[in-house]
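Once you've looked at the hints, dock chain B against the given chain A.
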Amino acid sequence: MSRDREFYLRRLHSLVGIIPVGLFVTQHLVVNHFATKGAESFNTAVHFMESLPFVLFLEWFVIYLPLMFHAFYGLYIAFTAKNNPQRFGTFRNWMFVLQRITGVILVVFIAWHIFETRFQKAIGADEVNYDMMADILANPLMFAFYVVGVISATFHLANGVWSFLVSWGITQSPKSQRISTYVTIGIFLVLSVIGVRALLAFV
Amino acid sequence: MNATATKTVVFEILRQDTTDSTPYLEKFELDYRPNMNVISALMEIRRNPVNIDGKATTPVNWDMNCLEEVCGACSMVINGRPRQSCTALVDKLEHPIRLEPMKTFPVVRDLIVDRERMFDSLKKVKAWVPIDGSYDLGDGPRMPERKRQWAYELSKCMTCGVCLEACPNVNSGSDFIGPAPLSQVRLMNAHPTGAMNRDERLNAIMGEGGLANCGNSQNCVVACPKGIPLTTSIAALNRDTTVQMFKNFFGSDHMVD
Numbered sequence: 001m002s003r004d005r006e007f008y009l010r011r012l013h014s015l016v017g018i019i020p021v022g023l024f025v026t027q028h029l030v031v032n033h034f035a036t037k038g039a040e041s042f043n044t045a046v047h048f049m050e051s052l053p054f055v056l057f058l059e060w061f062v063i064y065l066p067l068m069f070h071a072f073y074g075l076y077i078a079f080t081a082k083n084n085p086q087r088f089g090t091f092r093n094w095m096f097v098l099q100r101i102t103g104v105i106l107v108v109f110i111a112w113h114i115f116e117t118r119f120q121k122a123i124g125a126d127e128v129n130y131d132m133m134a135d136i137l138a139n140p141l142m143f144a145f146y147v148v149g150v151i152s153a154t155f156h157l158a159n160g161v162w163s164f165l166v167s168w169g170i171t172q173s174p175k176s177q178r179i180s181t182y183v184t185i186g187i188f189l190v191l192s193v194i195g196v197r198a199l200l201a202f203v
Numbered sequence: 001m002n003a004t005a006t007k008t009v010v011f012e013i014l015r016q017d018t019t020d021s022t023p024y025l026e027k028f029e030l031d032y033r034p035n036m037n038v039i040s041a042l043m044e045i046r047r048n049p050v051n052i053d054g055k056a057t058t059p060v061n062w063d064m065n066c067l068e069e070v071c072g073a074c075s076m077v078i079n080g081r082p083r084q085s086c087t088a089l090v091d092k093l094e095h096p097i098r099l100e101p102m103k104t105f106p107v108v109r110d111l112i113v114d115r116e117r118m119f120d121s122l123k124k125v126k127a128w129v130p131i132d133g134s135y136d137l138g139d140g141p142r143m144p145e146r147k148r149q150w151a152y153e154l155s156k157c158m159t160c161g162v163c164l165e166a167c168p169n170v171n172s173g174s175d176f177i178g179p180a181p182l183s184q185v186r187l188m189n190a191h192p193t194g195a196m197n198r199d200e201r202l203n204a205i206m207g208e209g210g211l212a213n214c215g216n217s218q219n220c221v222v223a224c225p226k227g228i229p230l231t232t233s234i235a236a237l238n239r240d241t242t243v244q245m246f247k248n249f250f251g252s253d254h255m256v257d
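Note that the protein sequences, when read in sequence, are chains A and B.
Quick note on this note's numbering: the first sequence kicks off at 1 and runs consecutively.
Quick note on this note's numbering: the second sequence kicks off at 1 and runs consecutively.
The following block holds chain B by itself, in its conformation from the complex:
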């Protein structure tokens, strides 16, 4: 045995067996390995599912995919903060490490949540650029390079759900769609071809559970792992919808410009 093998790491994991069963806390003690992260620890538990009392248990379930913080699948609440577990290094966390599912979403099992409401919201706000036609529509208008660079930052959103988990106004008692899909509206409306349907997206976020549900706690921009300026997007959309509101009421020849 070398010196590092005697050092251990304790994980407290909030587990849940089925979608509507009662959550319970289970502790695991693992041997410390240099550079380990939360995912590698969970893999270790899966390999040897024995809890801190030495009792055999079921392996902890979690979701993962890319392991480099671009897919968003492995998001969970680590020591109280929602984030991706693949980039949560054990050396940089307070011990014991507490893992919980993002309970803003329906829990499927253990740390796996169902983020379907986010994908439904993207559909609701038409977060795409419609280019399909029965004939070749040709090239779209060009986008200035500096604007492209700016828009690229907004396009980094991976629908991970961390901003929704951080938002006090996204919860089971509210149908607020949350910051992520709103910022996508700004991205699609900034695109020169996407802007041809900008009023449709603005009207979508002026609906139930839309933009106006934002309470400006600004947790989303603090929590976002991709550093997306979510609160700037929301404020910009607030201005756009203020104008759209008057256009809708009085009528306008400038719905898309």
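Only chain A is shown next, with the shape it has when bound in the complex:
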């Protein structure tokens, strides 16, 4: 096992990207979408999430620990690649490059996002609610940063689903991989619309 750790780490990296991290991101974007129905609606949804039983356990084992593993091992993977889209300008090679670029963006964005929201609540400095997000997003630079962060996340997840299907041997033939490309483009578009609509609801 020790010599062959890399195989299992890579497979674990692929798995946790979908379960639980990908599922959490989807749920997070859907809950955010309550903001389009007004502050009241968003605050109710946030309070519901915060009032879930075993919330600390859920946060650490469903979000923080898998996310940190995926982020840090992902950084290692991203920086061991020698990108060559200028030599091979194919769609898949660009997806490969963008997966790594969005991954690095997401490490920065998510660290900042958690610091600005959950961490502030944890030290008792602020409450996580509609007003907090409206204050943050009132700054046009921050708004742009959040749009980039959300689009990066939806892209990284959708393309991650595609490579998950290959990495676990579910899609093998070129045709199956092409079909899953179309499906994951659909996932990207749908999640992006949900995510960006929620952001627009705060300004």
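Rather than coming from a laboratory, the hints here were simulated on the basis of the structure.
Keep in mind that this is a model prediction, so the values were computed, not measured.
Some clues are possibly wrong.
Stated by the list, open to error - Think about it this way: if two alpha-carbon atoms lie no more than 25 Å apart in a straight line, the pair counts; the simulated BS3-like pairs of lysine-lysine are: (1) B:Lys147 <-> A:Lys175; (2) B:Lys123 <-> B:Lys247; (3) B:Lys27 <-> B:Lys147; (4) B:Lys92 <-> A:Lys175; (5) B:Lys126 <-> B:Lys226; (6) B:Lys124 <-> B:Lys247; (7) B:Lys226 <-> B:Lys103; (8) B:Lys156 <-> B:Lys124; (9) B:Lys156 <-> B:Lys226; (10) A:Lys175 <-> B:Lys103; (11) B:Lys123 <-> B:Lys92; (12) A:Lys82 <-> B:Lys147.
For chain B alone, coordinates are given in the frame of chain A:
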């Protein structure tokens, strides 16, 4: 002098004198001849090693053997793309023509690289069918003809290294064995006699630098001069190793079937 003799072709060649000396670019201007290819141009430079400034220089070193794109020895990076120089026709290339060694591999001299890591990988993944015994083992199981035809495509691999050069995950900072030896595992595991050791090969590619290092950029299948379905092989092996992983963990009576 006829009309074609006045037309010339310029070659920019990335040269390197020893394994660890600094590479430098040297330009050569040759008379154009109809149907010339990169190898014939290099032969011309060898015959008359004078660079574009008219200075005498050392002949450019390169590797070649079959001259019909089946040995893989003459692979190099031509105008940014790794390929065989024997089938690189000057008429079909953009000018000036730029030649570089495949720097994914250690450079020996000029355009010659050391592809030993590929042969080491083939050993590592046991890319052979073991049939030696102390007595006559008799005939092996028969292979369906259609499967043989399919497997023949995988057997066209000439270990040229182009797929490794194209792969972003094969580089000096990674020990990924690359697409070529992985596809050989699929070939050997598809063989009815080879399948008797399929778990050994799968376990080999589940080791350090193995299958899981693939990042699905799919450059290999685009670059392969033999049109080998490398990414299909990798995805198929991903499925095989997924099953093998559970067999290894829980134990199984079906390690080779």
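So, going through the hints one by one against the coordinates:
1. Between Lys147 (chain B) and Lys175 (chain A), the direct Cα distance comes to roughly 20 Å. Compliance with the 25 Å bound is thereby established for this hinted pair.
2. Annotation: proposed proximity of Lys123 (chain B) to Lys247 (chain B) holds, straight-line Cα distance about 24 Å (limit 25 Å).
3. In summary, the hint linking Lys27 (chain B) to Lys147 (chain B) is not supported, as the alpha carbons are separated by about 49 Å, beyond the 25 Å threshold.
4. For the proposed pair Lys92 (chain B) and Lys175 (chain A), the alpha carbon gap of about 31 Å is over 25 Å, so the pair is violated.
5. Of the supplied pair hints, the one linking Lys126 (chain B) and Lys226 (chain B) holds, its CA atoms being roughly 22 Å apart against a limit of 25 Å.
6. Between the alpha carbons of Lys124 (chain B) and Lys247 (chain B) the distance comes to roughly 21 Å, so the proposed pair stays at or under 25 Å and holds.
7. In summary, the hint linking Lys226 (chain B) to Lys103 (chain B) is supported, as the alpha carbons are separated by about 21 Å, within the 25 Å threshold.
8. For a cut-off of 25 Å, the pair hint linking Lys156 (chain B) to Lys124 (chain B) stands: about 20 Å separates their Cα positions.
9. Distance restraint check for Lys156 (chain B) and Lys226 (chain B): the Cα-Cα separation of roughly 6 Å lies within the 25 Å cut-off, and the hinted pair is therefore satisfied.
10. Simply put, Lys175 (chain A) and Lys103 (chain B) have alpha-carbon atoms about 33 Å apart, too far for the 25 Å limit, and the pair is violated.
11. Between the alpha carbons of Lys123 (chain B) and Lys92 (chain B) the distance comes to roughly 38 Å, so the proposed pair goes past 25 Å and is violated.
12. Restraint check: the Cα-Cα separation between Lys82 (chain A) and Lys147 (chain B) comes to about 36 Å, which exceeds 25 Å; the hinted pair is violated.
Violated hints, in rising order: 3, 4, 10, 11, 12; the structure is consistent with all others.
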